[in-house]
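S.K.: Take these sequences, add in the hints, and give me the full structure.
Number of protein chains: 2
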Amino acid sequence: MFVILVYDFAQKRVNKALKISRKYLHWVQNSVLEGEISNANYIKLKSELEMLMNPEEDSVILYTFRSNKYSRREEIGLKKGGDENIL
Amino acid sequence: MFVILVYDFAQKRVNKALKISRKYLHWVQNSVLEGEISNANYIKLKSELEMLMNPEEDSVILYTFRSNKYSRREEIGLKKGGDENIL
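So the sequence lines, in the order shown, correspond to chains A and B.
Everything in the first sequence is counted per our numbering, starting at 197 for the first residue and increasing by one.
Everything in the second sequence is counted per our numbering, starting at 197 for the first residue and increasing by one.
Hints are computed from structural coordinates only; laboratory data are not their basis.
Misleading hints may appear alongside valid ones.
Identical chains share a label here; the pair holds if one copy fits it or two copies do between them.
[Unchecked claim] Under the rule of at most 30 Å between Cα atoms (straight-line distance), these lysine-lysine pairs were calculated in the DSS-like manner:
(1) K275 to K240
(2) K240 to K208
(3) K208 to K219
M.R.: Here it is in structure tokens:
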């Protein structure tokens, strides 16, 4: 399945959240990752983020799509993600 | 068409970016909005954000889907968006 993940973590946990998420998905923008993922890995990813997060402060949103791709992605302004911009 | 918008604006412009985006889409998380939008409004939304943004600092990512809905959205942690949490 195809997943888009958007996270919003407190500063002190944000690097760890990105590190976890990048094991499973491709980083496309500051707080956005996407990619094909198996159901097993989806569950692992979610549980790793849940273990890291403080649910009073952090949030994650996961969109899942049956089709394996969105039809278009447009980026305007600064390109913050991508493997060339590793923190 | 169905659109998911994720923005990342510098602090001094972030409220304006949210205000513009909320004219066209529903706010679902801190920096994420989604909804059905016409092509004409999509172009208006994009141009308003482009006028506001400093392309050296700010970024927007727009996912467009032919189907009118993702198949699932999961949120974990804090729910930051929604009309009950207007800044």
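S.K.: Tell me the hint numbers this structure goes against, listed in increasing order.
M.R.: Nothing - there is no hint that the structure violates, so all of them hold.
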